[in-house]
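Colleague: One-letter residues, chain by chain:
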Amino acid sequence: MAQYLIRRLLIALAMLVVITFLVYALIRSTPGDPTLVNIESMSPDRQPSPEALQRFREQYYLDKPIYVGYAMWVLHLVQGDLGQSMAYNGAPVSQVIGERIGNTLILTVSSLVLAYVLSIPLGLYFTARNGTMRERALSTVLYMLYSLPSYVAALFLQLAFAVKLDLLPLFGTHSDNFAQLSFIEQVWDIAKHAILPVTCFTYGSLAFYSRFIKANMNEVIRQDYIRTAKAKGVSPRNIIFHHAFRNTLIPLVTQIGLTLPALLGGSVILEQIFAWPGIGKLFFEALGYRDYPILMSLVLMFSVLTLLGQLLADVLYAIVDPRVSLT
Amino acid sequence: MTSHPGDHKQPHGESPERPGDEALPRQAPEDAAGLGAAIESEAATSGPEVVGFSVPAPAAEPQEPIERDVPRGYWAEAWLRFRRRRLAMTALLFVVFLALVAIFSPAIVGTKPIVCKYKGEIYFPCLGYFNRSWENAIFTKDRFRNVYAGNLKEKDPESWAIWPLIYQDPERRVREGEWPAQPANPTRNYGSPNRYNLFGTTPAGVDVFAIMVHGTRIALLVGFVSMGIAAAIGITLGALAGYFRGWVDALISRLIEIVMCVPTLVLILALIAVLPKITIWHLMAAIGLTGWTSIARLTRAEFIKLREADFVSAAKALGAGPSRIMFRHILRNAMAPVLVPITFGIASAILIEGGLSFLGFGPPPPTPSWGRILAEGQQNNTMWWLIVFPGLAIFLTVLAYNLIGEGLQEATDPRLREAGR
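Listed in order, the protein sequences are those of chains Y and X.
If you count the first sequence from 1, position 19 lands on 19 in the working numbering, and the numbers rise without skipping.
Counting the second sequence from 1 gives a position; the working numbering is that position plus 1000.
Incorrect hints may appear among the rest.
[Unchecked claim] A few chain Y residues facing chain X, derived, Cβ under 8 Å: (1) 15; (2) 152; (3) 161; (4) 268; (5) 302.
[Stated by the list, open to error] Partial chain X-side listing against chain Y, Cβ under 8 Å, derived: (6) 1254; (7) 1263; (8) 1358; (9) 1384; (10) 1394; (11) 1398; (12) 1402.
If you're looking for bench data, these hints aren't it; they were derived computationally from the structure.
Everything numeric in this text was worked out from a predicted model, so none of it was measured.
Note that the Cβ used here is the ideal one computed from N, Cα and C, for glycine as well.
The following block holds chain Y by itself, in its conformation from the complex:
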């Protein structure tokens, strides 16, 4: 086990180096120069002096070849320094990300919890009523939801609830008078702003998980031990909950590992639509500014989480299912 973990971690580390280098090289070789992008956004009378530009270039190793710049980035990273952002007034990257990550977590965590809480009863319902009209109709609706692109859903929801019905705010995280509200009103205000984005985050995974549970349940329910339970007279409810569902928990739990990157990464397109200042939106903005310290940190975060999630899923699988052995 320990040997397996060490080997996996070493491979993951090597892959991280390759990924970050590739991304660094890609960003550096894209046409827009970060210094130029920043100048373009400034007013003409506040153009930085050539010396300042030179300092800027030196600070971010833009005057050096790509591999030197990358090596310097790694060197700083090993010392625990993610560097300074370019476009956000030179604020440290960790600070910029820290300011945004809470917003993303509000959306992703609540949607993950919602998806799990709702999909388990749904999946069990599908299994228990498999083949009935109502089950088929519900499964079909869920399958259609699964195919509904989230940005289309977001626009439809905005159109219905914000523009036509005027029930919910169109975008943003809080109202203009947020500071004057009492604490409870503040929570309510954020909740109201979060309803639409959370819905968009949730419905897809809800459809995915309930189908996932149904598929696993259908597999389990054909096993011999279920037949045995039936034969000895266990009630159908008991069979579903105690005999079958417990055994489908295994793949369900391991799925959590695979949701890690999405949990912290948010969604570029949804956060853009709802003007929700989270990680996804930060990523999109930084891409526009060619702000490579921020981009690199986000890519690093994302790939670490992906690799970790895969490892976690494998290890969890081996822990909960003794038939699986890691070698």
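We have chain Y; now place chain X onto it with these hints.
Modeller: Just chain X, lined up with the frame of chain Y:
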């Protein structure tokens, strides 16, 4: 009857369709993973009572004439199963419908005649919607400025033309007096759907229906071309990894994981950003270059399974080289499962293209794109028609491909097939 499992040239015509034949599920010779013997016994013995099992039952007397049990070819069998799924069939019909719309888009809606006779020659100006250079240069020389109605008669009274069903243009606003009794397209937010603009107009006054119809071409093209690229990469790499194993496998597997780790959007945006000018073809290449991982993984898994099969050993014994074994023998047997991620991939390619266009990274404006109407709809959110119609189009197309993919999966995966019984 003996059939080499590596060869799917089953005689389709030999098993005539009969009523009641379809209700009888039978084992297809897809179990190339070493059940070759079962196929032979199947042909001899499969009366109704051995349905679904490939257990050799030598004692069973054939109850029907033997030729009734000639198994269908693998693909015929899969098609039969696919056809029984009503949703998947509806989805397939929808995609065929979309393809027809795409092919005939210039004949459905446009401002360029389908056929016209001008100065004694026959021209097909509508082809200009497919490719600018297919529009005859004479019209540019005679300064039509893309407006054929009126100009044709004015410059050559003898001319005649067959026009598209609806006179609207996906690239520009139709003006007053261009077409008899048709007013100019409304601009800004006044263009709600009306009898001249079925799906309304954009703020610039371009007809949404025209963009949608011509955008179908782009949507389908994106799906097929990008997945074609992805399939070529994915199948080749997956085949190499699964067939040779060892260090080739390790290397390719890591490559797959790396591509999976880098967020798709970074990869696509970076690939696009390197180029000075984005066209729809670059976009398709970028989507294809990032979307091959699931195909490669599945191909690899299939190859690992099949490389131990008897027919591979047989081919090796006959002296076939690795590339012949890989692509002629194994791939043919692995093709059906590999088609499934390709179909899902088409759905996600359409989704990604829509998203990229929505974010403003799509093909530049004259190219009609569903995603770009959506983006305009978000900026002008009182114009519901800019959101509802393209949103539904993207949704239905993605849904259709997903349903087809699922139908294929269940029609070709023997494990799921048995579950369905």
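Colleague: If a hint holds in the structure, say so; if it does not, say that too.
Modeller: So, going through the hints one by one against the coordinates:
1. Interface restraint check: residue 15/Y against chain X, minimum CB-CB distance 6 Å, threshold 8 Å, status holds.
2. At about 4 Å, the closest approach between the beta carbon of residue 152/Y and any beta carbon in chain X falls short of 8 Å, and the interface hint on this residue holds.
3. About 12 Å separates the beta-carbon of residue 161/Y from the nearest beta-carbon of chain X, more than 8 Å, and the hint is not met.
4. Look at residue 268/Y: its Cβ gets to within about 6 Å of chain X, closer than 8 Å, so that hint holds up.
5. Hint on residue 302/Y holds. Least Cβ distance to chain X is approximately 6 Å, under the 8 Å limit.
6. A distance limit of 8 Å between C-beta atoms decides the matter here; for residue 1254/X the minimum to chain Y is near 6 Å, and the interface restraint holds.
7. A hinted interface residue such as residue 1263/X counts as satisfied when its beta carbon comes closer than 8 Å to some beta carbon of chain Y; here the least separation is about 6 Å, so the hint holds.
8. For residue 1358/X, the interface hint holds, since its Cβ comes within 8 Å of a Cβ in chain Y; the closest pair sits about 6 Å apart.
9. The interface hint given for residue 1384/X holds, since its Cβ lies 6 Å from the closest Cβ of chain Y, which is under the 8 Å cut-off.
10. Using the Cβ-Cβ criterion of 8 Å, the hint placing residue 1394/X at the interface with chain Y is satisfied: the shortest such distance is roughly 6 Å.
11. Below 8 Å, beta-carbon pairs count as interface contacts, and residue 1398/X has one with chain Y at about 5 Å; its hint therefore holds.
12. A hinted interface residue such as residue 1402/X counts as satisfied when its beta carbon comes closer than 8 Å to some beta carbon of chain Y; here the least separation is about 5 Å, so the hint holds.
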